[in-house]
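Place chain S on chain U using the hints.
Those protein sequences? They're chains U and S, same order as listed.
At position 26 of the first sequence the residue is numbered 26 (this note's numbering), and the sequence of numbers has no breaks.
At position 987 of the second sequence the residue is numbered 987 (this note's numbering), and the sequence of numbers has no breaks.
Please keep in mind that the hints were generated in silico from the structure rather than gathered at the bench.
Quick caveat: nothing in here was measured; it's all calculated off a predicted structure.
Here a beta-carbon is modelled for each residue, glycine too, at the ideal position from N, C-alpha and C.
Each hint can be trusted.
If the Cβ cut is set under 10 Å, some of the chain S residues that face chain U in the computed set are:
{"hint": "1", "residue": "G242"}
{"hint": "2", "residue": "Q570"}
{"hint": "3", "residue": "C982"}
{"hint": "4", "residue": "M1011"}
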Amino acid sequence: MATNEYDPRIVAFLCNWCSYAGADLAGVSRLQYPPNVRVVRVPCSGRINPLFIFAALRRGADAVLTSG
Amino acid sequence: MSTPQAGSPDGVPPVGAKTGAVLVVGGGIAGIQAALDLAESGYFVYLVERKAAIGGTMPMLDKTFPTNDCSMCILSPKLVECGRHLNIKILTLSELVDLAGEPGRFTATIERQPRYVDPDKCRSCGDCSEACPQDVDDEFNQGLGIRKAVYKLYAQAFPNAYAVDRENCLDCGACVDACESGAIDHDMAGETIQVEVGSVILAPGFKPFDPAALEYYGYGRLPGVVTSLEFERILSASGPFGGHLQVPKDGREPKKIAWIQCVGSRNKRIEHGYCSSVCCMYAVKEAVIAKEHSREPLDTTIFFMDMRTFGKDFEKYYDRAREEHGVNFVRSRIWGVDKSGENAGMLTIRYGDEGGRVCYADYDLVVLSVGLSADPDTARLARRLGLDLNAYRFGEPGEFEPVSSNREGIYVAGAFAGPRDIPETVMQASAAAGEAAGQLAESRGTLVTAREYPPERDVYGAAVRTGVFVCHCGINIGSVVDVPGVVRYAAALPGVVYAAENLYACSQDNQASMKEAIEKHNLNRVVVASCSPRTHEPLFQETMRDAGLNTALFEMANIRDQCSWVHQAQPQAATAKARDLVRMAVAKVALAAPVTGAKAPVTREALVVGGGPAGLTAALELAAQGYPVHLVERTDQLGGMAYRLGHTLKGRAIAPFVSALVEKVLANPLINVYTGSTLSQVSGFVGNFTSRLSGGQVIGHGVAVVATGGQEYRPAEYLYGTDDRVMTQLSLAEAMEKNDPRVASAQNIVLIQCVGSREPGRPYCSRVCCGKSMRLALSLKEKSPAANVYVLYRDIRTYGFYEDLYTEARDRGVIFLRYEPEDKPVVEANPSGLTVTVPELILGRPFVIDADLVALAAAILPGDNADLSRFFKLPLNQEGFFLEAHLKLRPVDFSTDGVFMCGVAHGPKNLTENIAQAKAAAGRAGTVLAKDAVVVEGKCSVVNKAKCTACGVCELVCPSGAITVDLEARVSVVNEALCKGCGACVSSCRCGALNLKGCTDEQIMAMLAAMTTGSPNGDTPVGVVWR
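This is chain U alone, in the form it adopts within the complex (with noise of 0.2 Å):
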């Protein structure tokens, strides 16, 4: 795609009980956001291992989301 427009790929670690319910709740509202993130559901925020987030920059993510 040939756009100057700052387009970053995002990495979301999202806790299966919150946050991905979340996701999942902005599906059915029909929320609409960027095709751009892409989700790992963990069983809690404390599974996210800072290794984690490291090899998803290193793989080329732009940024990393954890939320829960």
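Relative to chain U, chain S alone:
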């Protein structure tokens, strides 16, 4: 699904035997809780609900007090659990019309209205609703929004299916044509069915008071006047305005909002003399949440008579609302609401302040805090069943029988039994379930079924053979995402040997074909790309088990809720994202290994700590369910504080009741009593505790109930302890029982409220004292009508039907004087008596009483709970009372599984409430004891002993106390029964010795790798993924 009447083909139990099934009427939170408790305790449940979906009032609420949890979010897991339970049959659009037979063997007749939509076929896609031309006022949104004639009650409803509202249906057939799964049939007929049950729980709830009857509030006449339930919908993100705070109809953002309390409550003129118990707290909550919603500073004012924040952690919420959030509170009487003459578009509230002066104030929005009324339909049902109702037409149970009706075998719970909040409703529901379970103990397990599965296939060492199923979900996914393209793409991914598309992956026939594909293609991993694993994973995992595969060999790619639904205008990007999500799921599932939960046998005995009325009741209820009980009491005598209490609020003598309880306990062969004993050591976990007593006895038990009670505050104020004419409320009750001459001769008696409660060091309401003072004042007036009885108070908190006592006390001439905490009454001794000086707020000058006797409503303090807290890892709140697993929905559970609590150990409450909670704790404990074994899910952390250095970080971070360092072997050990699988220890392990079964580091790393490297066949080159 198997029929509930297993064991007898015609559904009739053998002569004389009780039926091991229960009918629960009302699908609100009470009915749901009772149904779940009973089904988990080994009884089949019919849950009857009038509406098209279960849920009741809770789904309409935005947030819940005092934790501000989202109401729908905390309810939703219970809805799913209830809906999926094999031993709960949910009958929506149904009503109980007749009940014949006797306790233990009832025949219930139920009328079912047609739904006109087959819930098994309905995919809940909403196409029908979109096609429907007929707009109807949405009752779920309190008429503030519009729904169609074919509708789903609310987004998360169970059954997750639409229904046709035939009253408003045009019969145009548009919905029938729109439905791709052919679920709609306008010719469906209703039916009348009969079911056999052993007992009945009535939990049909309440009706919000309709304020149109009270014209002076302007409801219906002025658009800016709304009810509190309407305001909940205004606040709710799923409400008619998407959570945008606005005045209905004109859409303005309000800058000033007022709440008017006691609308339809504490009003004798309209025969609503009772207090609705919940309105003060919900109004405070609504004011706080409204302030959070509003973009501009919002002025919120609550007009009230007495602020009744009497529940656990309520007073602190009120304090914070006042001090931190700046909510205004005005003690007042409302005269009327009208259009403002000065500010266009605003409303004027005309009110009298405490001094009786008439005042005016203008607001954009006026919220009427409407009370809880009895539902006339329910009253009719009660009459049909021959149940007594109280003067306000509630099914109020007796003070010693808090869930019983006048008809044996029929129990009551929730707001039908009297106005109450959610935790008390849940508590009462568990109590009713416990009683029903006790009554039917001999038939436990006779009508329930368990699902059978084929043995699991061994997949260890086998090459990965993944099957991918991509769902269209009608047009929900298919209209945005190129599903055939995703299928072609998936087929080329590593390890994938089979890929297919489904119109509806979750439908019955597709489940069968999925099972067939697993067998035919020898699949050993499955990925379903469809909706959310939160709602559908259990369904697909069930199919996995049917096909002989371990459920851990399954993954979902959420390409609907988190893809097609949220990128509706970007089909290409959504398709690319769907491909990525499938690729990640395929990478994750390739590394999946079977996870098997451990099974540990349950010691089917209970430990009850505390021998007061709560502990005694819990012990008796558990014994009634057939379980041996070990009752441990610290003192040498059973009965606890109850012997000092005198009479209940409605005048029943307490001591004989407690003596009878003690006798029943001592005579019960299933109950072992250990007086003069405390716990000295506890080990184990749910189902398998071992406790050592101070006397050396060792007890094995599967559950524990904590009922350790509390104690009375010894006041340091008002000359207590230095003058024997100043006594506590409890001592006054005792003195009256004994005809103490100090009381008999007293002509001027002063009762001072809130002594040691609602103070900075003790910021909670002791709850029972207001009611108790009413009782004492009435008894004093009865004994000597000429005596003057004064009650000095801050707020009178006679919630529920206790308000009648307050009314009666005023009628009998008891004098009520309010004081401010900054300017307390002063008690001085003089040779002839006591002088009590109160700064009188209306007259504005001190009021002096020559008193013969002063009684202090001393606070209720927690007991010494430190040891038990440590033994069972039970948290305490700031004040030292035990803290439950969830303030709203798990009021008797601890976060430590298998441990429950009741009584004052949980927080101040009166005898009736203690008994109810004790029954609830026994009911909840019964759900554990009914099982032969506790099954651990198995998705636990696991230790690689070779890497572990025994540093102990995991032990520190584990919130469940499930991992400990074995100091001898110098290695961490996981207790799988306690592990909740959160993975916090895994993330904290610096040696990489820990991993989480079902969600390993390698699996997440593989997902991250797959996310960015694209597929190996080159159709998505590196670097353009996501673009």
